[in-house]
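**Student:** Here's the letter readout for the chains.
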Amino acid sequence: MTQDEHKEGFKGMANPSRYGIERVAYWLMRLSGLGLLAYFIGHIYETSNILRGRVGWNEFLELTQTTEGHIVLAIVIAMCVFHTVNGIRVMLGHGGVGVGKPARPDYPYDPASQNYRHKIGIYSAIILAAIAMMYGLAVMFGE
Amino acid sequence: MAQVSDVADNQYSRTKTLRIARYNPEKDSEKQFMEFSVPVEKWTTVLETILNVKQHQDHSVGVRYSCRQATCGSCGMIINGKPRLACFTKVSELDSDVVTVEPMNNFPIIRDLAVKFERLFDTHHKIKPYLDRDDTELESDAKEFLQSPEELEQYIQFANCIKCGLCNSACPTMATDSSFVGPQALAQAYRYVADSRDKGKDSRLKIIDESHGIWRCHFAGSCSQVCPKGVDPAMGIQLLRGYMLGFKS
Ligand code: HEM
Ligand code: SF4
Ligand code: FES
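Heads up: the protein sequence lines correspond to chains A and B, in order. Heads up: the first sequence at position 128 corresponds to 129 in the numbering used here, and the numbers run straight through without jumps. Heads up: the second sequence at position 233 corresponds to 254 in the numbering used here, and the numbers run straight through without jumps.
By construction, these hints were calculated from the structure, which means they are not laboratory data. There's no promise every hint is true.
Stated by the list, open to error - Quick list of the computed label-pair ranges, beta carbon to beta carbon:
no.: 1; chain 1: A; residue 1: Tyr117; chain 2: B; residue 2: Lys111; range: 25 to 35 Å
no.: 2; chain 1: B; residue 1: Thr38; chain 2: A; residue 2: Ala131; range: 56 to 66 Å
no.: 3; chain 1: A; residue 1: Ala39; chain 2: B; residue 2: Thr92; range: 43 to 53 Å
no.: 4; chain 1: A; residue 1: Ser49; chain 2: B; residue 2: Lys137; range: 49 to 59 Å
Note that the coordinates shown come from a computational prediction; the quantities given were computed from them, not determined experimentally. For each residue, glycine too, the CB sits at the ideal point set by N, CA and C.
Use the sequences and the hints to build the structure in full.
**Tutor:** Set out below in structure tokens:
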């Protein structure tokens, strides 16, 4: 019998509440990545409607002109902006940029890698995503 | 004298509820919580409350500890939802009337709060946690391997690791990936790669450059937030990855 590894599992992985804004960013990054992937697939399907000619194309585009369509597009805008800005931060971090320098640790051992540079990156990604989403909503509902 | 009156003035003294997760994989189908009332002073640690229960209320509680001073790395557990050392966490700092203790996640449970460390020790050994070179300091005509204070600074932080496993318990990749090397071992890989005396970089990097190796880290940073020794595994991992990608020397 294989022993139970007592892994925290999907629920623990996806719980953004315990380890600061960095873990929230991790969670939003995954969510927005998957959301964009879903949108991308939908987008290919949507644009393939051109094969049905002008009428088919216009018919399908109507979908995006509804309230639900506007809201979905606004969420896509937010995901896109967050994923891109935070993605640049994550890539820099993965390359060892802005993660602090090794030093003799002192109590209370605040980890240098969880520093203000990366926090500013995360908050900027969230704020820019919110602004872009609101702008998108204003344009779409302001017609 | 001032110290004596401080103790006399101690207004903190109170009783708190300690909830202990009980589970014996050989008998029980699931974890169950048992509640105990424990006396607490301002300086009482969570480990002391557990030992109090063992001494006065229920001797059968399974817990592992040794040094009681954040040095041996034995007493890691989930305390009020987060991985912490029981001997290094004061009840007063938790700011809660109820203290809940559970076994660490991502480690198989032996019983109650005690978990198996085989996987952590395996991954730790896997990255070759020793200076890798052909000569030795013990050879009669060889000199000791000199190192400047600056060279020491490059890795000494990572040498603070006590193998408590809190980082592996907090890591979101460990939560779902049974084969991930984990933040503890990856930080140790960096500790040796950054050591000017080491000559085994290439073989060590090959070990972690695999599908469940360093590339599974998403820099969520949870490991560093729970590390009780300031190791900051997330920093070590990103610096190591930067080195492997050619961004850092
Ligand atoms: C300029 C644009 C983009 C940048 C800079 C970017 C960057 C990144 C980075 C750095 C990651 C890894 C995150 C991590 O290690 O946790 C990632 C993950 C991901 N990205 Fe993007 N990305 C971009 C656009 C897109 C687009 C357009 C899509 C969808 C079609 C997408 C889908 C995903 C998915 C599915 C993941 C995996 C999520 C995960 O497992 O955590 N990305 N992206
Ligand atoms: S890196 Fe920190 S949390 Fe992880 S095992 Fe070492 S001392 Fe414990
Ligand atoms: S008992 Fe040794 S680290 Fe807590």
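**Student:** Decide, hint by hint, whether the structure agrees.
**Tutor:** Going down the list of hints, with the structure as the test:
no., hint, verdict
1, A:Tyr117 - B:Lys111: 25 to 35 Å, "holds, 28 Å"
2, B:Thr38 - A:Ala131: 56 to 66 Å, "violated, 41 Å"
3, A:Ala39 - B:Thr92: 43 to 53 Å, "holds, 49 Å"
4, A:Ser49 - B:Lys137: 49 to 59 Å, "holds, 53 Å"
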